[in-house]
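Colleague: Order-wise, the sequence lines are chains A and B.
With our numbering, you'll find the first sequence wraps up at 172, consecutive numbering, no jumps.
With our numbering, you'll find the second sequence wraps up at 716, consecutive numbering, no jumps.
To be clear, the hints were calculated from the coordinates, so they are not data collected in a lab.
Note that CB positions come from ideal geometry on N, CA and C, so glycine has one too.
Treat the hints with care, since some could be wrong.
[Stated by the list, open to error] Listed next, the stretches of chain A that the computed footprint assigns to chain B, with coverage defined by at least 3 CB atoms under 8 Å from CB atoms of chain B: (1) 6-15; (2) 100-110; (3) 120-127.
[Said to hold, decoys possible] Listing some non-contacts, in silico: residues in chain B with all C-beta distances to chain A over 10 Å: (4) LYS176; (5) GLN364; (6) GLY428; (7) TYR441; (8) LEU443; (9) TYR445; (10) ALA542; (11) SER571; (12) GLU576; (13) PRO585; (14) ASP588; (15) ARG592; (16) LEU655; (17) GLU679.
So you can see what is in the structure, the chains are spelled out below.
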Amino acid sequence: MGGLPRSYGQDCLGVLVQDLFHIYVYWELTEETRQKALSLRNLNVDSPCQIRVQQFVEENDSMEWQKVYQAELPFGADHWYLSGLVPAMIYRIQIGIQDGESFQELLTSEQVHMPPGISGHRRSWGRAHSIVGGVAPIEVTVPVEESTESYSSSDLVAEPAVAERSASYFEG
Amino acid sequence: MKVKGYWALVLHGHLPYVRHPELPEYLEERWFFEALTECYLPFTDTWLRLRAEGLSYRLTFSVSPPLAAMLTDALLQDRYLRYLDKMILLGKEEEQRTEGDDDFAPLAKMYREKLERFRQLYQDWGCQITEAWRSLAQSGHLDLWTSSATHAFLPYASEASWRPQIRTAVEQHKKIFGIAPHGIWLPECAYQPGIERLLSQEGLKCFVVDHGAFQRAYPEEANLYEPLHLGGGVSAFARDPETSRQVWDKNSGYPGDYDYREFYRDIGYDLPYDYVAPFLAGPDRADTGFKYYRITGSGDHKEPYKPDWATSKINSHSDNFRFNREVQIEFLQEQQNKPPLVLSPYDAELFGHWWYEGPEFLEALLRRFADGQSSVSLTTPRRYIEEHGQGPEGRLHFSTWGEEGFGKVWVNPTNDWIYRHLHQAEKEMVALAEAYPQAQGDVKRALNQAARELMLAQSSDWAFIMYTGTTVDYATVRTKEHLELFWKITRSIREGSINVIELSKAEWKHPIFPDLDYRYYNRTYKENISSHSDKPRQVALTLI
């Protein structure tokens, strides 16, 4: 066995709610994405990444995300446990770079719902996890399917549509 | 006697999929063999006997798909017979060794006789004990449920994994038991909003959650003693905390009674190594099942086990259990319009393995509640729904039956590393399933095997073992092995160079779910069946 990779070379962010007050976050931020963001803002290549936690707030008919926590990440950090969150609240997690007053988010989770401590909280019905990024679709030619017919003659007889399709792949 | 309410016993039978054809014996396969001897066969023996007596009992038995797969696996069936033969031989040697010993000789004889009886029972059913359960379901004594395909902890899996996990489980259940399951045991009782939609689509109508989930329900705290309808014809049932404590609590629970058998004194550790070595599965000392002492007290000193004393305690504990249910139901029925339902879900392996007298205790309970002399009658979630409806409408939040009711057992610093790998693999599986909507031949084989490897890596058992610190190396190796095989196979698909020998080896080693259909990972599966799949498609390319 060759072992699992330390990274997959793709930007991603996963959030799992552990309990009423704690969240586990993992991420992969590729060097390409980080360098691109730094370059766009003319920031030093050593600028550290930050983790930011935002809480969804509804006040007087307005709804917005408010920062409740932000911390500088040690170099190489790829996961984090967040504590002190509030039951029944909705959060999202971001990994980004602080540029003066501005926070440049590079990875953002979907909203994550903390379970409530007591009954009656309608808005925390949602997911206790968020998994974004990772495998990114690109258009490629499917190279394999056409070669399969030589192993599936019975299928080809039983399913003419497949045979026609496979044949067209060969021709292509 | 007039029935005032119901008690529903729900047993969840599950073991991780452990099968090692690469070696003639494998230590961890003994989990399965021991559970068969100590739990599943004693249950079956009891249930068949009670049915033959004409007792009108009923209970729910959830058989997890990995367990069902192992029970119907010819290799493991053969190995189990060899294991039984070995243990019967040990029993005979123990009878000789303890001859003349008034304390131990009767115990050695008891163990040997039990082993022989269960061997006979096993063979009477053609080594397919699932056939006995199927028969008991057909006669109305058992309601059989399934679980997710590989006991994946669904709230921490991406949603694209929910349908393959659930549909594969339902399909396997129908194939083995000949009938669609009415309910499902959500692994670790782990619920996340949205799961009920998938259950509804797969025809599953009920599941169990921890009582805390009902206490945090919306729009208001739900009644623990009736189901809660979540929509789509799917209802949740809450675990009753009182009956959980009576059995599970390590201090006040019944299994801790001093007259019950002591689990931690086994001749595998107590007798000279050379004597027990031929009966062990590996080079290290391990349990043999021959245990001669009772709990006795909280200290290390242990007295010989007295089966008669234990049986006496079974009777008093089951009387106490019934009394408490009658009092509980008497109180509850004054609080609600419908007859209250007290639901007690337990891990099946608690009874017989950890609590040796557990199967006897359950038999005593079935007798007490089914004899027509109690104000509390036996039922199952299915029957309760049929007779009293699906319960009031409500919603639930994320919950489990683990510590504090949430997920800290399955995500913590001992096991959190698995999730980035699992989630990446889940996405890759979806991407490939959508790229190859109608694969044939070796591509289809490879995609199906990739799905098997992913599902096996998702088993909640590995994270649990890492957390409890028991066989961590094994759990780690299994997680990595399945993921590495997954990537090896999926890479070969992308590269158009499927190594049929390597693929065959993976299929040989991990043959769970022979009918698995990778297309369940395709989010538009039904639509794609008739689509023009020869057009260019979006394929996710993963670089490692």
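Colleague: May I ask which of the numbered hints given earlier this structure violates, with the numbers listed in increasing order?
Modeller: Numbers 2, 5, 11, 12, 13, 14, 15, 16, in rising order.
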